[in-house]
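Protein chains in written order, with our numbering: chain A, 12 to 320; chain B, 12 to 320; chain C, 12 to 320; chain D, 12 to 320; chain E, 12 to 320.
These are calculated hints, taken from the structure and not from any lab test. Computed from a predicted model, the values in this text were never measured in an experiment. Be aware that one or more of the hints could be misleading.
Same chains, same label: a pair holds when it works inside one copy or across any pair of copies.
In silico DSS-like links for lysine-lysine, alpha-carbon gap of 27 angstroms or less [what the hints assert, rightly or not]:
hint : residue 1 : residue 2
1    : K20       : K33
2    : K319      : K44
3    : K232      : K271
4    : K33       : K19
5    : K319      : K193
6    : K44       : K233
7    : K193      : K271
8    : K233      : K193
9    : K44       : K271
10   : K19       : K44
11   : K233      : K271
12   : K33       : K44
13   : K193      : K232
14   : K193      : K20
15   : K20       : K232
16   : K193      : K19
17   : K44       : K232
18   : K20       : K233
19   : K232      : K33
20   : K19       : K233
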Amino acid sequence: MRVTQRVKKILSNYDSENPGVKANLARMLMAGKLGGTGRMIILPVDQGIEHGPARSFAVNPDGYDPDYHHQLAIDAGLNAYAAPLGQLEVSTQSFFGQIPTIVKLNHSNSLSRLKEDADQAIFGSVEDCLRLGASAIGFTIYPGSDQGLEQMEEIAELIREAKAVGLPTVLWSYPRGGNLSKDGETAMDVVAYGAHLAAQLGAHVIKVKLPTDHLEQAEAKKEFQNARIPIGSQGERVAEVVRSCFNGRRIVVFSGGAAKGTDAVLDDVRAIHEGGGNGSIIGRNCFRRPREEALELLDTMIRIFQGKA
Amino acid sequence: MRVTQRVKKILSNYDSENPGVKANLARMLMAGKLGGTGRMIILPVDQGIEHGPARSFAVNPDGYDPDYHHQLAIDAGLNAYAAPLGQLEVSTQSFFGQIPTIVKLNHSNSLSRLKEDADQAIFGSVEDCLRLGASAIGFTIYPGSDQGLEQMEEIAELIREAKAVGLPTVLWSYPRGGNLSKDGETAMDVVAYGAHLAAQLGAHVIKVKLPTDHLEQAEAKKEFQNARIPIGSQGERVAEVVRSCFNGRRIVVFSGGAAKGTDAVLDDVRAIHEGGGNGSIIGRNCFRRPREEALELLDTMIRIFQGKA
Amino acid sequence: MRVTQRVKKILSNYDSENPGVKANLARMLMAGKLGGTGRMIILPVDQGIEHGPARSFAVNPDGYDPDYHHQLAIDAGLNAYAAPLGQLEVSTQSFFGQIPTIVKLNHSNSLSRLKEDADQAIFGSVEDCLRLGASAIGFTIYPGSDQGLEQMEEIAELIREAKAVGLPTVLWSYPRGGNLSKDGETAMDVVAYGAHLAAQLGAHVIKVKLPTDHLEQAEAKKEFQNARIPIGSQGERVAEVVRSCFNGRRIVVFSGGAAKGTDAVLDDVRAIHEGGGNGSIIGRNCFRRPREEALELLDTMIRIFQGKA
Amino acid sequence: MRVTQRVKKILSNYDSENPGVKANLARMLMAGKLGGTGRMIILPVDQGIEHGPARSFAVNPDGYDPDYHHQLAIDAGLNAYAAPLGQLEVSTQSFFGQIPTIVKLNHSNSLSRLKEDADQAIFGSVEDCLRLGASAIGFTIYPGSDQGLEQMEEIAELIREAKAVGLPTVLWSYPRGGNLSKDGETAMDVVAYGAHLAAQLGAHVIKVKLPTDHLEQAEAKKEFQNARIPIGSQGERVAEVVRSCFNGRRIVVFSGGAAKGTDAVLDDVRAIHEGGGNGSIIGRNCFRRPREEALELLDTMIRIFQGKA
Amino acid sequence: MRVTQRVKKILSNYDSENPGVKANLARMLMAGKLGGTGRMIILPVDQGIEHGPARSFAVNPDGYDPDYHHQLAIDAGLNAYAAPLGQLEVSTQSFFGQIPTIVKLNHSNSLSRLKEDADQAIFGSVEDCLRLGASAIGFTIYPGSDQGLEQMEEIAELIREAKAVGLPTVLWSYPRGGNLSKDGETAMDVVAYGAHLAAQLGAHVIKVKLPTDHLEQAEAKKEFQNARIPIGSQGERVAEVVRSCFNGRRIVVFSGGAAKGTDAVLDDVRAIHEGGGNGSIIGRNCFRRPREEALELLDTMIRIFQGKA
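Chain A extracted, bound-state conformation (with noise of 0.2 angstroms):
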């Protein structure tokens, strides 16, 4: 694998990391079809966690097999394959080494009732990445909830554990609970905030949702107004997020959000592309269609990262 000059100018923003964290970090940037590109589209499986099983895997009954998801992010050459503790045990016994997995560490379900306050619970830990031949940890934050600062805290403390044995991490960080109103969860203000404290904890990849033309803050909104900020189009809002992850020097990938039709998608993988984001991360949009329609996805969102759709 011969690192791109386009990969080697990302991980030098990186610098002060050593090297195995780099190494971790090429190692998904390389992957894949994209691999090479400085794009990346991860397939994260959590959802059984986060909505239940049937809710996940009824549609698509393959899906209740960890091996299904772990394949599937192989053969469409995807840069990681990102899922909860458990899942990852089953499949990696089948598919190591085949592609970079990220254990996701913590999870919410939809059993416990946690509004204002949400939160998530950990399932695993750094030895497990380690023991499990994971290429980075995974994490979600809620700024903005009543649990966000402790949720700081804790992931605070696994990115230091993980970076001093070479593990980058991977930060989901999504605004909820607290006094933001469920349209401020994807605003654009309240979106590029998020990104930016996920930044600022020292994640190496920040996973956010795209962002809506809404402007939840006042304060920030009168900023948004005066600077002329363009935040029309997907695309502008995407540069915007990227932006205030440290000027574009860490990397960002973007999740679709709930499920939706294929041109849908797409325009939001072109609108990523055009902004400068990094890339996708995608699950449900995946293994809620048949195998064959989500290979079939997942190979034009690779197109359209690598500039031929």
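Assemble chains B, C, D and E onto chain A, guided by the hints.
Quick look at chains B, C, D and E alone, frame taken from chain A:
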């Protein structure tokens, strides 16, 4: 670098500390254009976390890049640059060793809705400071907040840990929360009280806001009046804060607060100088100005502290 | 990267290991031009420590620079590059993630006068391997030496520590010292015995020298003769070593020994191939040749292991 | 302090280290009159331990006081001052922060009768270095000694511990003991070998003696002759040592050895300069001269390294 | 207790230590009849371990009872009482707080047959000292012994541990063993060298034997003669030892050695006083005399150190 008599005198107040702590204090007091005068200007940039990226940087978008601030602090000839973990991990790789750095270890954020129990999340650790080659740890406490006692216990432990490895502590003491009125947060008696708490916790450099002539607590008000403590001018109020920090035997620096006009900023600096404060911590009033204006402002501030303006 | 059936079969012999260890073995077995064949060529460069810099590199002075060897291993399409700590700290910063690396953790040197109690000094640790993003630890034991038992205890502990964090062990087993004659060091029975000891210690990849047809130990000789074990050809002797490693259920690679002519090197490789060895570790015979000659030699070796030459 | 391009280039060879280690290297490379040139002069004073107080200081009795040497290093504008624990505990209280310090952690002494197993006792620890505000740890190994392997293991562990807290290592590598002849201790091949071992152990700054043109080891002699490595002049021999330290990618400084005449000292310095060595460590030839003579000598040395004399 | 200017001056040499260490030094320097003068008399009683009970106490059988010695030290108005762990566990229960105590942590004994590798066994720990309310730890090293380097490593670690909890170290430095001749053990150069080693190890109070005018080491002899260091009188030799301890910046006390006549003891004391030594440690010459005689002797010694006799 020859340590001046003035700095030696200041450091003699820290004789119970080990030589490592004193060496790092000396490093900050001897750096930059004010090196050796016993006065300091520190550039702190953590408003991305505190207020969000757009609200902080949209007005002067160079500030989205962590290198911008670090470079500005060097070019202006300041004594130290203070920033959060993630931001320093990016810029330190370009600027290590060129200006003393302070890793701010905890942060509040404006997505959280904490009010009476104002709190912060701890992002970094003492080992992060050593790993990044920093000269001090930075921390914020909110005396008065329902979380205040817990914060004091957190910093008490961090101070112990840091000084054992030769790192001094810069402590932001900002009374808020609990029963404190909005005016009370910057009341003369409250600011002096907060500064004293920081000194008692073992902080080596104490950062507070400039106090108003409001007196919040009835019992304190009585004493101020009985003793006829002069608090009419800003300089007098600065002197009272300095006196509250072990009669001037701890280094005290003042923050400028919200962005404002150049004249207002310079008036504050003159009052700090006259009142015997050790210097200024100035963030928003720097990085929200264009670079050339910021450099000019900082240069005037330096000349005031040098007694030349 | 699709793991081949051949590699899966090899890895099935390591089923009691955790997925991290197997992922790193897979990484080495799937890398380079021999990736997937179950054969490996590893470039080890620690002769600077073993024999001194001039004796190792003067003949081809590019070798004084650590990057030269790391680059050579990549350009030749090898499976892994093995080197000491200091050397890898230099080259890893240029090449991380481009080829699996093995940190050789202990070393002898020619300034020390140890003979019967041949020993090595431990330069690195398992945490160094993680920090540098390595895929395995490397270690040397001298069975027969008066220090041999202590070395076995050292590596036994390191193997345990390494596998807990997902790192397999490549073990150099070189009988010498004690009562062993010079000829005995490469005797058929002794090499097979040393290989077996490595397997029993839990090594994942075993590296030995190519044995001669000499039989050192009287009791062993008797058994070889009674059982009419064929050891006349190099291929037969390779097969006997492989059989001694749990009947071929551990990966065994052979070193070429002292620098020699191209034909002699290739004869060795053919014997390893025929005897069912997993591959070659070739150091001096690479880096003491000019780069183009070394690349050509390695290419021929690869084609032999591919069954094409 | 603006780090020069020359120093940045040197530091780029240490990119696998954390920013703290690089900041302390920068601190030493940027201090004093040679700051920024990539050249260094370090004053080490541990001869009180090595040879006893009278043998070291009687000739210039100011040297009995630890402050004398620390002050001399500052006044001469050197890059760093290296001394044992007890001595630094006295002088650091007067001079902290005025010049980078190196705590020499182990020492031999002339009351001990060790010969073939030359060894040292460890006086200080990494935490002592932090407590005293030092910029590096210092250590001596005796490659070739029967205690050499154990010493290498000691320093390997200390290097790991030190770099985790941002401290680089200055390693004195002095082959002696075992089978080495007296002439062999400074033989060209042996000095280069010792320097290479220090680099492989992960030392950041390597200190060796100036080699003679003697070649001690038969196999090395053959390689020097075959490759026609020029070693006739001192400058050529310095260049060969530098090449043996990863082709000049580690900082190498040379000691002047026994007290001698000014011309001899300056000839050595010119040879170091011409051969591309990074500088001098000069102890006895400083403190055994009267202060004014020592300052004059150091000033001439500095000018040679500046290319001005 | 008002600390005198004289004691403050002595303590200023320990400014790199924490206030706890300095407070315990002050406690010893301010205790008893010599309190405040900068001079000390310490009663050490560990001869029961060193030479056996009968050889120590039969001549004055009150000495079999630990309380006898502790009481004597108090009644005589001494600065401190030093004893082994077990002995102090008995007497401390009667006398705690009445005189500073020093727990002697290691001991040789006359049943062991060690010669060239003279060594001691460690009986107590730093936590024992705290538990018993002691003011310092005591330890013996034998520079020159084949065990000397190991002993230095032991005490280096204990000093670190002790000072972290505010306990200074009294270090007995008695060269012996190895190649040292019997006369060499008290030779001028050797005693000064041993004292210097103790200072370098970080000892706070250094205890040595009174030196003779013999010069053991040829190289040292040359320096003594070249520099015309006066060593003809005992006072001059004391001064040379004091100078060897960082030019008088460490507290040095002298032992009287074997039991002898009163005049001889007092001559020694006068020499220590004249030479600028900080005091005496006197054991056998006290407790082998009847109590009244011992008290009288100690009183005369005190008066000598007060300049009254």
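Right, here's what the structure says about each hint:
no.	hint	verdict
1	K20 <-> K33	both (12 angstroms within a copy, 21 angstroms between copies)
2	K319 <-> K44	within (13 angstroms within a copy, 29 angstroms between copies)
3	K232 <-> K271	between (29 angstroms within a copy, 20 angstroms between copies)
4	K33 <-> K19	both (10 angstroms within a copy, 21 angstroms between copies)
5	K319 <-> K193	neither (36 angstroms within a copy, 55 angstroms between copies)
6	K44 <-> K233	neither (42 angstroms within a copy, 37 angstroms between copies)
7	K193 <-> K271	within (19 angstroms within a copy, 34 angstroms between copies)
8	K233 <-> K193	both (21 angstroms within a copy, 23 angstroms between copies)
9	K44 <-> K271	within (24 angstroms within a copy, 42 angstroms between copies)
10	K19 <-> K44	both (17 angstroms within a copy, 23 angstroms between copies)
11	K233 <-> K271	between (33 angstroms within a copy, 17 angstroms between copies)
12	K33 <-> K44	both (20 angstroms within a copy, 24 angstroms between copies)
13	K193 <-> K232	both (17 angstroms within a copy, 24 angstroms between copies)
14	K193 <-> K20	neither (38 angstroms within a copy, 48 angstroms between copies)
15	K20 <-> K232	neither (33 angstroms within a copy, 45 angstroms between copies)
16	K193 <-> K19	neither (39 angstroms within a copy, 49 angstroms between copies)
17	K44 <-> K232	neither (40 angstroms within a copy, 38 angstroms between copies)
18	K20 <-> K233	neither (35 angstroms within a copy, 45 angstroms between copies)
19	K232 <-> K33	neither (37 angstroms within a copy, 41 angstroms between copies)
20	K19 <-> K233	neither (38 angstroms within a copy, 42 angstroms between copies)
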